[in-house]
Amino acid sequence: MLSAFGFSQEKDTVNLGYKKRVLESIEVDFLSSYYKQDGVHSSVSGGMGSENLSDFATNIVVAVPLNDDDVLSVDAGISAYTSASSSNINPFDKSKNNPSATPWQASSGASAQDVLAAMIVNYSHSSADRNLIWNADVAFSNEYDYTSIGFGGGISKLFNQKNTEISLKTNVYLDQWRPIYPKELQEFGNNNFFNGFTIYDQNGIASSNYLPSSFLSWNKNNRNSYSASFGFSQVVTQKMQFSLFFDLLQQRGALSTPYHRIYFADKANYYIGQPQFISVYETTQNTGVYHLADAIEQLPDTRFKIPFGARLNYYLSEKITLRTYYRYYWDDWGITSHTASLEIPIKISDKFTFIPTYRYYTQKESTYFAPYDKHLSTEKFYTSDYDLSSFNANQYGLGVSYTDIFTAAKISIFGLKNIDFRYNHYQRTDGLRANIVTLGVKFVQQ
Amino acid sequence: MKKIFGTLLILVLATSCETIKEYEKQYINDPEMKLSARSSERYETSFQVYREAASGANGGKTGGGCGCN
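Protein chains in written order, with the working numbering: chain D, 869 to 1314; chain F, 2 to 70.
Honestly, I wouldn't trust all of these hints.
[What the hints assert, rightly or not] Dumping the calculated BS3-like pairs for lysine-lysine here, alpha-carbon to alpha-carbon at most 25 Å:
1) Lys1037(D) - Lys35(F)
2) Lys26(F) - Lys1215(D)
3) Lys1248(D) - Lys1088(D)
4) Lys22(F) - Lys1030(D)
5) Lys1135(D) - Lys1242(D)
6) Lys1187(D) - Lys35(F)
7) Lys35(F) - Lys888(D)
8) Lys26(F) - Lys904(D)
9) Lys26(F) - Lys1187(D)
10) Lys1107(D) - Lys1215(D)
11) Lys35(F) - Lys1025(D)
12) Lys887(D) - Lys35(F)
13) Lys1107(D) - Lys1025(D)
14) Lys1285(D) - Lys35(F)
15) Lys1219(D) - Lys1278(D)
16) Lys35(F) - Lys1232(D)
17) Lys26(F) - Lys1107(D)
18) Lys26(F) - Lys1025(D)
19) Lys1030(D) - Lys26(F)
20) Lys887(D) - Lys22(F)
21) Lys1107(D) - Lys1030(D)
22) Lys1107(D) - Lys22(F)
23) Lys22(F) - Lys1278(D)
24) Lys1285(D) - Lys26(F)
25) Lys1278(D) - Lys26(F)
26) Lys22(F) - Lys1187(D)
27) Lys35(F) - Lys1242(D)
28) Lys887(D) - Lys1232(D)
29) Lys904(D) - Lys888(D)
30) Lys22(F) - Lys35(F)
31) Lys1107(D) - Lys1278(D)
32) Lys22(F) - Lys1242(D)
33) Lys1030(D) - Lys35(F)
34) Lys1219(D) - Lys1187(D)
35) Lys1285(D) - Lys1219(D)
36) Lys888(D) - Lys1025(D)
37) Lys887(D) - Lys26(F)
38) Lys22(F) - Lys888(D)
What the hints contain is simulated information worked out from the structure, not anything from laboratory work.
With the hints as constraints, model all of the structure from the sequences given.
In structure tokens:
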């Protein structure tokens, strides 16, 4: 009992006679993924409509040892997506005499696709005894309507013969929106836009009373994020170790998404398109009418998040390892969640590992969330983004890893060290489903 | 308060664990025992950040840097 309240650590010995390099040679990782999802609660259409989206992403990560102690790494990548939901930022095609906009199908709008480019440069330094590591990084990303600049740093201290590690990381992101609004709100008051369109009321009768008086353009476009992350890890036995993570994140600025539509239950409904589909608007039978927005999503300009996570890994045998993870999350928008995952790498040979995985996620909705057409115009904050709703999610995965520590296969001066292939299926209880495949290849300079 | 006390207790107990010598770490140093997400998991973490409200506490990015919630 007394020993439980003391530190049973041995003094770290420092022998600088031989110093192993932190990174022996240049390592290059090529990573790619293909992601596809679908659902029925498009946030662009106010919580109703197709969430069909495809995304292809690829990254290259190069880590270069500058000397025995220092490593410079560059991570650069692009992500290209097409989205039925985003295409409905402007669902109105004036080239058609009989417009057939609907939240259930993609429109031909330019917002249907976008490309995100991102880069992170990181520098790290390790002390001679390898018990102190610090790093600094800068990050940049850009897409059509959003730019981010970030910088940060961290420090890790190992002691107790490297059985214990504590770490602290801080990051700042200074982001900026270039807001795009739903077309009918952006163009409201522009008679040239609505020429050629008939606006119908809920009963399918032509009307000139559409007035989105709650819509206001943004007067600030900045979104800043400040985070501090604490880590603690401990080797418990020869076959078990665990880590704890605790973050604090404060966000300020434009935290809403400017093209997420909102519909108020206490406001009259107006539509563009074919009025015979108004009665089936909330079903996929609606192939030709679109509900005009009353406003856009309005969320507080501050958000404070606290996630707390833990990992525990256990070496069950030469063939099987258990990797577990748990996270509790809380923020001041009323959201709490639990995440739990289990991964069981199974070594089927000295080079191949088979990796089944399972992840469970459950979330309680934000205070500001309500489904499609349920908010009231008297509310101060409102969103119908189902990513902030209550749901559970199950994720099932399968991975195969090939590792050749002797790098027998070579391309030029680089030997192939590792290939990772992963497939995951993700399903939420609100109907969103997704599949993702990932391929990672690591080369090491010979 | 209980959660803070519990965390501190875990930390104190953890540091009183048996010290494993470097030559005894053949299992701990196995690549599958690493206490971090795999590099190939990054895209899964990315779509989870977009499709779920929670983020962080996994040793990686906590938030910001994207137009996501």
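For a quick check of understanding: which of the numbered hints are violated here, in increasing order?
8, 16, 23, 25, 27, 28, 29, 31 and 32
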